[in-house]
Every structure is written in C-alpha cells, then in structure tokens.
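Chemist: Read off the chains here:
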Amino acid sequence: MTEEIIKDVIVGENEDYIINMGPQHPSTHGVLRLEVCLKGETVKYLIPHIGYIHRGIEKMCEANTYQQIIHLTDRMDYLSAHMNNEAVCMIVEEAMQVEVPERVKYIRTILDELNRLASHQLWWCAFGMDLGALTTFFYGLRDREMILDIFEESFGSRLLHSYNTPGGLMWDVHPNFQNRIKEFIKYFRKKLPEYNQLLTGNVIFQERAKGIGLMSKETAIAYGVTGPSGRGSGFACDVRKIAPYGAYDKVQFNEILRTEGDVFARYEVRMDEMVESLSILEQLVDNIPAGDFTAKMKPIIKLPAGEYFKRVETARGELAVYVVSDGNKNPYRMKFRTPNFSNLFVMNEIASGYKIADLIAISGSLDLVIPDIDR
Amino acid sequence: MTMLSRDELKDIITGFVPEAEFPEGTQLPEVVIPAAKLTELMEKLKSDSKTSFNYLISHTAVDFSTHFTLVYHLESVEKRHLLVVKVKLEDRENASVDSLAAIFPTCNYFEREVFDLFGIRYNNHPNLKRLFLEDDYGYPLRKDFRDEVNMIER
Numbered sequence: 001m002t003e004e005i006i007k008d009v010i011v012g013e014n015e016d017y018i019i020n021m022g023p024q025h026p027s028t029h030g031v032l033r034l035e036v037c038l039k040g041e042t043v044k045y046l047i048p049h050i051g052y053i054h055r056g057i058e059k060m061c062e063a064n065t066y067q068q069i070i071h072l073t074d075r076m077d078y079l080s081a082h083m084n085n086e087a088v089c090m091i092v093e094e095a096m097q098v099e100v101p102e103r104v105k106y107i108r109t110i111l112d113e114l115n116r117l118a119s120h121q122l123w124w125c126a127f128g129m130d131l132g133a134l135t136t137f138f139y140g141l142r143d144r145e146m147i148l149d150i151f152e153e154s155f156g157s158r159l160l161h162s163y164n165t166p167g168g169l170m171w172d173v174h175p176n177f178q179n180r181i182k183e184f185i186k187y188f189r190k191k192l193p194e195y196n197q198l199l200t201g202n203v204i205f206q207e208r209a210k211g212i213g214l215m216s217k218e219t220a221i222a223y224g225v226t227g228p229s230g231r232g233s234g235f236a237c238d239v240r241k242i243a244p245y246g247a248y249d250k251v252q253f254n255e256i257l258r259t260e261g262d263v264f265a266r267y268e269v270r271m272d273e274m275v276e277s278l279s280i281l282e283q284l285v286d287n288i289p290a291g292d293f294t295a296k297m298k299p300i301i302k303l304p305a306g307e308y309f310k311r312v313e314t315a316r317g318e319l320a321v322y323v324v325s326d327g328n329k330n331p332y333r334m335k336f337r338t339p340n341f342s343n344l345f346v347m348n349e350i351a352s353g354y355k356i357a358d359l360i361a362i363s364g365s366l367d368l369v370i371p372d373i374d375r
Numbered sequence: 001m002t003m004l005s006r007d008e009l010k011d012i013i014t015g016f017v018p019e020a021e022f023p024e025g026t027q028l029p030e031v032v033i034p035a036a037k038l039t040e041l042m043e044k045l046k047s048d049s050k051t052s053f054n055y056l057i058s059h060t061a062v063d064f065s066t067h068f069t070l071v072y073h074l075e076s077v078e079k080r081h082l083l084v085v086k087v088k089l090e091d092r093e094n095a096s097v098d099s100l101a102a103i104f105p106t107c108n109y110f111e112r113e114v115f116d117l118f119g120i121r122y123n124n125h126p127n128l129k130r131l132f133l134e135d136d137y138g139y140p141l142r143k144d145f146r147d148e149v150n151m152i153e154r
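First to last, the protein sequences are chains H and E. For the first sequence, my numbering assigns the number 1 to the initial residue and increments by one for each residue that follows. For the second sequence, my numbering assigns the number 1 to the initial residue and increments by one for each residue that follows.
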C-alpha cells in the first residue's frame, strides 16, 4: 500500500503541473489568465490568455466620427485616459493642419503629467499591496485623491474625462486650476519621501524586488517593451524626448534610465518619473499663456484621404495611433498600438525560472492595464 | 548615428530589393514590396548597420475590399529614423504571408491579432491561434463581415 503511494508521487513528479492564474485573480488587476506551468514552485513557462474584455474598439471606430472616438479611447488604458484622448486629437489636428493655441498645448501637457502622476501613484499602491504591504494602498490613494479632485473640478469626471476635442479642449479650465496644482505639488513633495521610507528602503521589499525578472535591453527592444518597464532595462524609448509634442519642447526634464533591468529598476524608474513629473508641472503651471481654449473647427471633421501615424507617451509606454482615411467622416481603419499589449507578452521571457511568488512581483512591475491589451 | 533621409533610405532599400516601390507624399518614408521578399528585406533592414531597424513599433493590416495591405512600422533605436513597410495581398480568400516572429519576437503577437481579426495566415508562425475571439467567430475587421445580432447597419 505505502509502496504504491510512493510510486504514484514519483510518477506525478515528472509531469507538468499547470495552474491557471486568473481570469479572476487580485494580482492581475483585471481579467487576464496566465497559464503557468510549474515545476515545484518554479515557473517553467507561462502562456497569457487574453480577450476576456475585448470590445472591438477598432471596429467601433470605423462606424464613429472622430469626436466620438475620443470617448472610446478613454476606455482602453483608463489610467492614462488623457494621453489616449490627446493622441487621437493630435492625429486629427495634424491631418487637418489646424494650429492649436499655445494655451491648449500647455494645459494638455500639464494634464498629461498629472495623469501620469495619478497613474504611477495607483501603480505604487497596487504594487505594494501585491507584495503584502497594505499601508501603501492607503497612502497612495489618499494622495491620488488630490489629483482626481483637480480633474473633477475642471472636467466633472475623475477617471474617464474625454476633456480633449480635436482642436483644443471641451471648455476652459476652472479658475482654481493653477492654485490647486501648486498646492498639490507642495503637498506631494513632502509626501514622496514618505513613500521611499515606507517601501523603497524596506529590506523585505528589496529582497523581493532586486535581481528578479531580469530583462536585457535587447529583450526589451525585441519585444517592444516601452515606457518605464523598457526604461528600467536601458531602452531609451521616451516619446516625449524622441518626438516632442504639446509643450514638452519648452520644459527641461530628464529621461529616467536604469540598466539593471530587474523589478527594482522598473520600480525606481517610476518613482523617479514622479519627481520629474512634479518638476515639469512646476515649470508649466505659472506660465500658461492666455488665449482661446480651442481652435476653430468645423462641426463635421473629415480627414483628407491618406494615412496618418502619431505616437504619444502614456503612463505605461508608447501609444501609437495609425489612421487610414478615405475622406469620410469615419476613419476607414484605425489601429491602436497600445503599450500594454507588447509589455504583456514579454512575461514568459522574464518570469521563466523564477518562483511563483516572484511572478506576482514581475507582473506588478510591468504595470499592466488589461482593457488596454484587449481593446 | 545620424538619421537617414527619405532619399538615402530609398537608395539603400533599392539595393536590397530592386522591385521596391516608393509612394510619394506620405507622412513617413514608405516602401511597398512583394510578399515573397518580405522576410529577406526585414532581415537586411534589421541587420544592416546603416539602417539598423531593430524595433518593430506595430504591425497591422488594412482591408481595401479588393486586397489586403499589411503594414509594418519600424524604428531604429540608435538612429531614430522611421520606415513603413507595406505588402499587398491580392488573394483575399487564401491570404498568407511569411511570419516575422523569428526576426521580431513582438511580431508573433501582432500577427496573431491580425490572424484573429482579418483571417490572414502566417507561414512558419510558432503558434498561430486566435488571440481575442472564439474559433468559430468570423473575421470582424474585414469589410464584408456581418453580424446580424450585434451590428447596426446605418
């Protein structure tokens, strides 16, 4: 009897042990299923399965006007809603050769950075929580609330604002806008050292983050891993530097690069990016030029027939929009190259060989937003 | 380490693939090549030190009702020039082209997406399965796709 049981155990040992992580799993932050093949506690390989919230945004775009498409782009990467809006607006403005007022460019850039900050704060909360540090969640959400209040006051919505329209903005910002941003910068400059005390310097956290999920620069380029995840491996991919848009050519900021390529490097890039975002905000907030909040646009927008391509830097990487227009009010084909789509598929490459607990840290460090992958 | 201009790119690519066509008046430098030459050109564009297009930004397809056009957006990380490579597939029913997954790993998933939404088959693809939709669903981004239940015709 005992011999038989032992034999069974040994027979099972050589077989692949496959476990599904998700589609409902707290650490995937959405409906993503990872088919993980384990050997003991070590990940042999993993296969991501996506499509649980595929809404066919690209197909919907073909039946909608450009003004309506703006509202769809919010729903892709809901934490970088403003940057997604801006990408579509800029592609329309470029195609129609509309000169956007300086005021709009400044306000858009400020909102980009506020949105990036809010997104990185939420990532910090969730990443800490993934690794078992619950306090980060309360700290991060408390500070993020200040940014969301600024959004709510000016646009009436907190997450999916759709505040951009082709040619400019829906309406002018609230008179309190500048003061509240200045208040926030002052407040957050004091709070950021707390973040570092709580998590960055924590030995338990560092043990779980350093040397885990190594990604070389070549891997990052080959898999198209952009944004902070790519920059943690030394891949200089910041679109704000490569092809400046908005008011990014008028401000001084550094592209944060790390060469270690592990979870901790990606963490550090995001933490430093928050400081850079604050510095960009400081440079812009007092210099918003007076003027119109939108350029004159026709009510029905028809792009001249042709093909257009535009890239922006969202909080998670490079969003590229490719439009084929046949001269109608709807695009003939609209493609969104979303950052998370490429960032997800590098996971098999960087998580194989690590423990299953490290997989949580790795997926957290890539900062995935699932609706952005599925579209 | 400098960016190549449109004309310089044109000269180099004509050296690789003599049949290449270069449409004028496009936003980005563009090249249209026959499907049979795709792998050869991409390999050279990536490995040649003058072009060094090592980063595939995106890959997608467009359905022009009479034919498919495959679109590849390439960038060189070191030199920062961009190039759009296009391939026309005339046969809409049995559209197929060589996979680039071995040259650009990220293309693996873009190709699966295109297969899922357009039904274009990729030869030598490591894992050509549908990415978002079920196996018996049609190919929704084709212009002749009809869904009586979920689509409203205007």
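Please note that a few of the clues may not be correct.
In silico DSS-like links for lysine-lysine, alpha-carbon gap of 30 Å or less [stated by the list, open to error]:
| id | chain 1 | residue 1 | chain 2 | residue 2 |
| --- | --- | --- | --- | --- |
| 1 | H | 250 | E | 46 |
| 2 | H | 302 | H | 105 |
| 3 | E | 50 | E | 79 |
| 4 | E | 129 | H | 59 |
| 5 | H | 250 | E | 79 |
| 6 | E | 88 | H | 329 |
| 7 | H | 250 | H | 182 |
| 8 | H | 105 | H | 241 |
| 9 | E | 46 | E | 129 |
| 10 | H | 329 | E | 44 |
| 11 | E | 37 | H | 302 |
| 12 | H | 241 | E | 79 |
| 13 | E | 86 | H | 302 |
| 14 | E | 86 | H | 217 |
| 15 | E | 86 | E | 44 |
| 16 | H | 298 | E | 143 |
| 17 | H | 105 | E | 79 |
| 18 | E | 37 | H | 217 |
| 19 | E | 44 | H | 241 |
| 20 | E | 10 | H | 59 |
| 21 | H | 329 | H | 59 |
| 22 | E | 10 | H | 241 |
| 23 | E | 86 | H | 59 |
| 24 | H | 59 | H | 39 |
| 25 | E | 86 | H | 329 |
| 26 | E | 143 | H | 59 |
| 27 | E | 46 | H | 241 |
| 28 | H | 241 | E | 50 |
| 29 | E | 10 | E | 129 |
| 30 | H | 302 | E | 143 |
| 31 | E | 143 | H | 217 |
| 32 | E | 143 | H | 241 |
| 33 | E | 79 | H | 217 |
| 34 | E | 86 | E | 143 |
| 35 | H | 105 | H | 182 |
| 36 | E | 129 | H | 39 |
| 37 | H | 217 | E | 50 |
| 38 | E | 86 | E | 129 |
Just so you know, the hints here were simulated from the structure itself, not pulled from any lab data.
Chemist: A separate judgement is required for each hint: does it hold in the structure or not?
Modeler: Right, here's what the structure says about each hint:
1. Annotation: proposed proximity of residue 250 of chain H to residue 46 of chain E is violated, straight-line Cα distance about 34 Å (limit 30 Å).
2. Simply put, residue 302 of chain H and residue 105 of chain H have alpha-carbon atoms about 23 Å apart, close enough for the 30 Å limit, and the pair holds.
3. At most 30 Å may separate the alpha-carbon atoms for a hinted pair to count; residue 50 of chain E and residue 79 of chain E meet this at roughly 9 Å.
4. Restraint check for residue 129 of chain E and residue 59 of chain H: the C-alpha separation of about 20 Å stays at or below 30 Å, so the hint holds.
5. Under the criterion of a C-alpha separation no larger than 30 Å, the hint pairing residue 250 of chain H with residue 79 of chain E is consistent with the structure, at around 23 Å.
6. For the hint linking residue 88 of chain E to residue 329 of chain H, the alpha-carbon distance of about 26 Å falls within 30 Å, and the restraint holds.
7. Restraint check for residue 250 of chain H and residue 182 of chain H: the C-alpha separation of about 19 Å stays at or below 30 Å, so the hint holds.
8. This hinted pair checks out: residue 105 of chain H and residue 241 of chain H have alpha carbons roughly 16 Å apart, not beyond 30 Å.
9. Distance hint between residue 46 of chain E and residue 129 of chain E is fulfilled; the C-alpha atoms sit about 27 Å from each other, no more than 30 Å.
10. Our distance criterion of 30 Å between C-alpha atoms is broken by residue 329 of chain H and residue 44 of chain E, whose separation comes to about 39 Å.
11. Proximity of residue 37 of chain E to residue 302 of chain H is assessed by CA-CA distance (about 36 Å); at most 30 Å being required, the pair is judged violated.
12. Proposed proximity of residue 241 of chain H and residue 79 of chain E is supported: the alpha carbons are some 14 Å apart, at most 30 Å.
13. For the suggested pair residue 86 of chain E and residue 302 of chain H, the alpha carbons sit about 25 Å apart, so the restraint of at most 30 Å is met.
14. The hinted pair formed by residue 86 of chain E and residue 217 of chain H meets the criterion: a straight-line CA distance of about 28 Å does not exceed 30 Å.
15. For the suggested pair residue 86 of chain E and residue 44 of chain E, the alpha carbons sit about 16 Å apart, so the restraint of at most 30 Å is met.
16. Taking the CA atoms of residue 298 of chain H and residue 143 of chain E, the gap is about 28 Å. The hint holds against a cut of 30 Å.
17. Distance check on the hinted pair: residue 105 of chain H and residue 79 of chain E sit about 28 Å apart at the alpha-carbon level, within 30 Å; holds.
18. This hinted pair checks out: residue 37 of chain E and residue 217 of chain H have alpha carbons roughly 29 Å apart, not beyond 30 Å.
19. Distance restraint check for residue 44 of chain E and residue 241 of chain H: the Cα-Cα separation of roughly 28 Å lies within the 30 Å cut-off, and the hinted pair is therefore satisfied.
20. For the hint linking residue 10 of chain E to residue 59 of chain H, the alpha-carbon distance of about 34 Å lies beyond 30 Å, and the restraint is violated.
21. For the hint linking residue 329 of chain H to residue 59 of chain H, the alpha-carbon distance of about 15 Å falls within 30 Å, and the restraint holds.
22. Between residue 10 of chain E and residue 241 of chain H the CA atoms are separated by roughly 27 Å; this keeps the pair inside 30 Å, and the hint holds.
23. Taken as a hint, the residue 86 of chain E and residue 59 of chain H pair is honoured in the structure, with Cα atoms around 21 Å apart against an allowance of 30 Å.
24. Using a Cα cut-off of 30 Å, the hinted pair residue 59 of chain H and residue 39 of chain H is violated, with the two alpha carbons roughly 41 Å apart.
25. Distance restraint check for residue 86 of chain E and residue 329 of chain H: the Cα-Cα separation of roughly 25 Å lies within the 30 Å cut-off, and the hinted pair is therefore satisfied.
26. With a C-alpha separation of about 10 Å, the suggested pairing of residue 143 of chain E with residue 59 of chain H holds against the 30 Å cut-off.
27. A hinted pair counts as satisfied when its Cα atoms are at most 30 Å apart, and residue 46 of chain E with residue 241 of chain H qualifies at roughly 23 Å.
28. Distance restraint check for residue 241 of chain H and residue 50 of chain E: the Cα-Cα separation of roughly 23 Å lies within the 30 Å cut-off, and the hinted pair is therefore satisfied.
29. Our distance criterion of 30 Å between C-alpha atoms is broken by residue 10 of chain E and residue 129 of chain E, whose separation comes to about 36 Å.
30. This hinted pair checks out: residue 302 of chain H and residue 143 of chain E have alpha carbons roughly 20 Å apart, not beyond 30 Å.
31. Between residue 143 of chain E and residue 217 of chain H the CA atoms are separated by roughly 39 Å; this puts the pair beyond 30 Å, and the hint is violated.
32. With a CA separation close to 38 Å, the supplied pair residue 143 of chain E and residue 241 of chain H exceeds the 30 Å bound.
33. The suggested pairing of residue 79 of chain E with residue 217 of chain H holds, with an alpha-carbon distance near 16 Å, which does not exceed 30 Å.
34. Restraint check: the Cα-Cα separation between residue 86 of chain E and residue 143 of chain E comes to about 19 Å, which is no more than 30 Å; the hinted pair holds.
35. A C-alpha spacing of about 19 Å is found between residue 105 of chain H and residue 182 of chain H, which places the hinted pair at or below 30 Å, so the restraint holds.
36. A C-alpha spacing of about 26 Å is found between residue 129 of chain E and residue 39 of chain H, which places the hinted pair at or below 30 Å, so the restraint holds.
37. Simply put, residue 217 of chain H and residue 50 of chain E have alpha-carbon atoms about 20 Å apart, close enough for the 30 Å limit, and the pair holds.
38. Restraint check: the Cα-Cα separation between residue 86 of chain E and residue 129 of chain E comes to about 23 Å, which is no more than 30 Å; the hinted pair holds.
In terms of the numbered hints stated before, the structure departs from hints 1, 10, 11, 20, 24, 29, 31 and 32, listed from lowest to highest.
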